[in-house]
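With chain A's structure known, arrange chains B and C on it following the hints.
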Amino acid sequence: MLISNMEILPGKEVKTHLGLVQGSSVRAKHVGRDIMAGLKNIFGGELKGYTELLQESRDEAMERMQRQAQAMGANAILNVRFSTSSVAQGAAEIYVYGSAVILE
Amino acid sequence: MKFEHREIPDGINVTDVHPLKELVVLLSGATILIVALVYILGLSAGFMAPYIPFDTEKRLTASFPVEAPADTAVEHYLQQVTDRVVEVMDLPEEIEVTLHYSDGDTVNAFATLGGNVVVFRGLLQKLPNENALAMLLAHEIAHIKHRDPIVSLTRGVTISAALAVLLGFSDLDLMGEAGVYTMLHFSRTMEQQADSEALQAVYTLYGHTHGASDLFDTISAWHKASGNSEGVEFMQSHPLDQKRIKTLSAQATSKHWPQAGETTPLPQRFIDGLKGQ
Amino acid sequence: MTNLIIFLLLMTLGYLVGQVAEKKHYKSIIQREKRLSGLPTIASRFPPTDRLFDQSLVMGNTVISVDYFKRFIAALRNLLGGRVTSYESLLDRARRESLLRMKQQAEAMGAEYVFNVKYETASISKGRNNAIGSVEVLAYGTALIACGPSDEV
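Respectively, the protein sequence lines represent chains A, B and C.
Each residue of the first sequence is one higher than the one before, counting from 1 in this note's numbering.
Each residue of the second sequence is one higher than the one before, counting from 1001 in this note's numbering.
Each residue of the third sequence is one higher than the one before, counting from 2001 in this note's numbering.
So that you can see chain A by itself, here it is in the shape it has in the complex (with noise of 0.2 Å):
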């Protein structure tokens, strides 16, 4: 599965376009992390707990974008664009999305 947030591959050419697919997951980390966060934010600096927090929302978020695709038979998903939404205190949503494709 080729994903990538352009829209025109070089030598590649899109046969059919299938639609949009995206996949979203949002992730709390435990209160201990959150209670950290609150206590490295006196320091500044990374907070590691929600770096890793983001980042798994976001793997999973992807993966559930490229189950979509491959579902529909699409072999590359383009224009790809995430977004981030807190909807709670220390829970974040990561939401991807793009255009599933059949390339050449």
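The set of hints was computed from the structure by calculation and includes no laboratory data.
This one's a predicted model, so the numbers in the text were calculated from it and none came from an experiment.
Derived CB-CB ranges, DEER-like: (1) C/2049 / B/1005: 19 to 27 Å; (2) C/2122 / A/48: 23 to 31 Å; (3) C/2145 / A/103: 24 to 32 Å; (4) B/1174 / C/2063: 23 to 31 Å; (5) C/2065 / B/1196: 50 to 58 Å; (6) A/46 / B/1048: 33 to 41 Å; (7) A/36 / B/1050: 30 to 38 Å; (8) B/1189 / C/2124: 47 to 55 Å; (9) A/36 / B/1018: 26 to 34 Å.
Some chain C residues well away from chain B (every beta-carbon gap over 10 Å; in silico): (10) 2032; (11) 2045; (12) 2052; (13) 2136.
From the three backbone atoms N, C-alpha and C, an ideal C-beta is built for every residue, glycine too.
Same frame as chain A, now just chains B and C:
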């Protein structure tokens, strides 16, 4: 451009778990977490608090105004019994017990910070004899001896702070209740230990433990009369009256202390003094 | 005790009503998705150039809220960490509903395609005790409405 519609299977973006199953899993997980946290904090507070010097504890309460004890027959007699009880209870040197008599109808007595014991007229009027009074005072003094007031304070403060941090993020106030019920476990243990210590004192004073059962029978009778149903033990800070009586009588039996004997009546001027006010 | 009763009542009510509403909504979403399946929505920015099209911005938005039961589950999940399943279906519904509304608008214009589809998500009514109230999802894109003969460039 060619477009083809193909069906996307449903439910890829939704995890398939039954909501009720998830509720059960999460609820038990959160309850275990909170109960364990409160239990650990409670234990450590109970362990650390007695190391707070008694002087510091006394200074905490020094700022509160206290009525000067009037020199009436009632207070005189109460002080006399207290002194006798203190003598047999073998208190650590730095601990001092101060008795306060309160002219209120409340059927209660309590021990608080700084070695202060407060007894209310309402409860004193119900006592049948001196043995029961001695048991009552010994129970409160045992709390002082075990440093229970300061332990409870420390425990309460640390646990509520921890729960506030833990649950402050969300509106999970209800989960705090799990913490409160866990805390009650500690206060029940305190009561039991104080009971047992007091029983020992009453035995040393009178050679039998008759006063103990008299005291709890009195309280039990009052509970029933006032319609104050005891409810579920799980939700009470004190062990249930019947259970207390049973535990104490078991203790007396195992130590071969006689449970019946001559009781010392309360002096007439004390009873009159209670009525007169 | 009263607190507990109110809580249990809200939980049961939230659960029963929430489940029914969700099932109903999904049913209607699936039905409308089938009906509108002939109208392609594509994330690409480059429309087909073999014909002339009129363009028009189309959009659809949805604000959806989570029921008491799911909110409680999410709050517990926040304590223990992990996948917040109760919000997954909430957002899934909001996204699909928004896209459908956008497609309905495009269909009413007689559009043939919707290009450059994008989503925007915002959580509103935050701040009240940090509780998550509701989520708005906006889907927007450019509807292409055929106007010229197919052999013109």
